[in-house]
Amino acid sequence: MRKPRWRPLLVALTRVTAAFASFRWLRDVRLSVVAVAGESMTPAFLPGDFILIARRDIPRNERAYGLVVCLRAADDRLLLKRIVGVPGDSLRIGTTVQVAGRALLEPHAHGETPAAQYRGVSALGLGEYLVLGDNRAASTDSRNFGAVRAEQIEGIAVLRYWPPERLGLIRRAPRRFAASGEYG
Amino acid sequence: MQIRPLIERFVRPATVAYAHCDLPCGVYDPAQARIEAESVKAVQQRYQNAEQMRGANQTLEDYRSRALAIKEERANMVKEHLWVLWTDYFTPAHLEKYPQLHDMFWKATKEAGAAKKSQDPEQGQRLLDAIAEIDKVFWETKQPA
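Residue numbers (our numbering), protein chains in the order written: chain Z, 1 to 184; chain V, 1001 to 1145.
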């Protein structure tokens, strides 16, 4: 008896569907998904947003600045913060973030760093990054736990897929500096 | 039937990423007001010594104008920091224990207002003293009862 021609096609289709439904494909293409909790990344990320994370290496230079990353904290929690300091930077955090004495211009950030979270100069070595929440008045981040190592960073936030009204790619904030000479 | 919650449940990730803040939101410290008030007083001193302080390529008038602009701004920040303490940190229970609290804030914010008009460092010192009184009460309230 002749086998129906569509049979292999059906098998393949079933397999693809099964693989898709298991979400295993996500891991194969080095992606994962997370739900956002907390308000330290407002207004870019709100609690209840669902985010697609690309598990790839973080640039070792300025191109890492402004990326929103998922990182593994010392207490094993997964955190969502933005990279503000990259390897080689010397940063000081007060009312502004200064890189080698020049104040960063950060339109994505808001709120003032509480005086208790001011930090003197942090010099970042190879593979070290400084991460901050965009909500500077209410975030526990590198101002508390210091620099994070590249190995702690699990991936880069690339897409918000929920809620559908706010669906969109997540862009890296460009690194800009305030005009020099503002106050002494 | 609502379709949205169904979809949401289907696409909800199993993992949570915390954009967190471990601190109770609202870290209060009169030091914020004090630091700005220090600036105010320093500007008042610089205004008085403008002749020596100004840059080589700055006229006296320019130097003093800039000093005034910065002082205006800093004095306003003193007011804002004090208001936050007054309205957000202190509670009616504190007021019962420290009935002079309202008066202290009234005087301190008045001094901050006066600092905008005054170029006298002694006035700046009065502002600092008024903040120091609030600071004392603030840290007393932080002591375990």
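Source of the hints: derived by calculation from the structure; they are not laboratory data.
No residue lacks a Cβ here, since even glycine has one placed at the ideal position from N, Cα and C.
There could be a bad hint or two in this list.
[Stated by the list, open to error] Incomplete in silico selection of chain V near chain Z, CB under 10 Å: (1) GLN1002; (2) ARG1004; (3) VAL1011; (4) VAL1016; (5) ASP1029; (6) GLN1032.
[Claimed, not checked] Label pairs and their in silico Cβ distance ranges: (7) TRP1139/V <-> GLU62/Z: 29 to 37 Å; (8) ARG102/Z <-> ARG1004/V: 21 to 29 Å; (9) GLY1055/V <-> LEU46/Z: 17 to 25 Å; (10) ARG149/Z <-> ASP1103/V: 33 to 41 Å; (11) ALA1132/V <-> THR95/Z: 38 to 46 Å; (12) THR95/Z <-> LEU1068/V: 18 to 26 Å.
Taking the hints in turn, this is what the structure says about them:
| no. | hint | verdict |
| --- | --- | --- |
| 1 | GLN1002 | violated, 14 Å |
| 2 | ARG1004 | holds, 9 Å |
| 3 | VAL1011 | holds, 6 Å |
| 4 | VAL1016 | holds, 5 Å |
| 5 | ASP1029 | holds, 6 Å |
| 6 | GLN1032 | holds, 5 Å |
| 7 | TRP1139/V <-> GLU62/Z: 29 to 37 Å | violated, 43 Å |
| 8 | ARG102/Z <-> ARG1004/V: 21 to 29 Å | violated, 46 Å |
| 9 | GLY1055/V <-> LEU46/Z: 17 to 25 Å | violated, 47 Å |
| 10 | ARG149/Z <-> ASP1103/V: 33 to 41 Å | violated, 53 Å |
| 11 | ALA1132/V <-> THR95/Z: 38 to 46 Å | violated, 22 Å |
| 12 | THR95/Z <-> LEU1068/V: 18 to 26 Å | holds, 21 Å |
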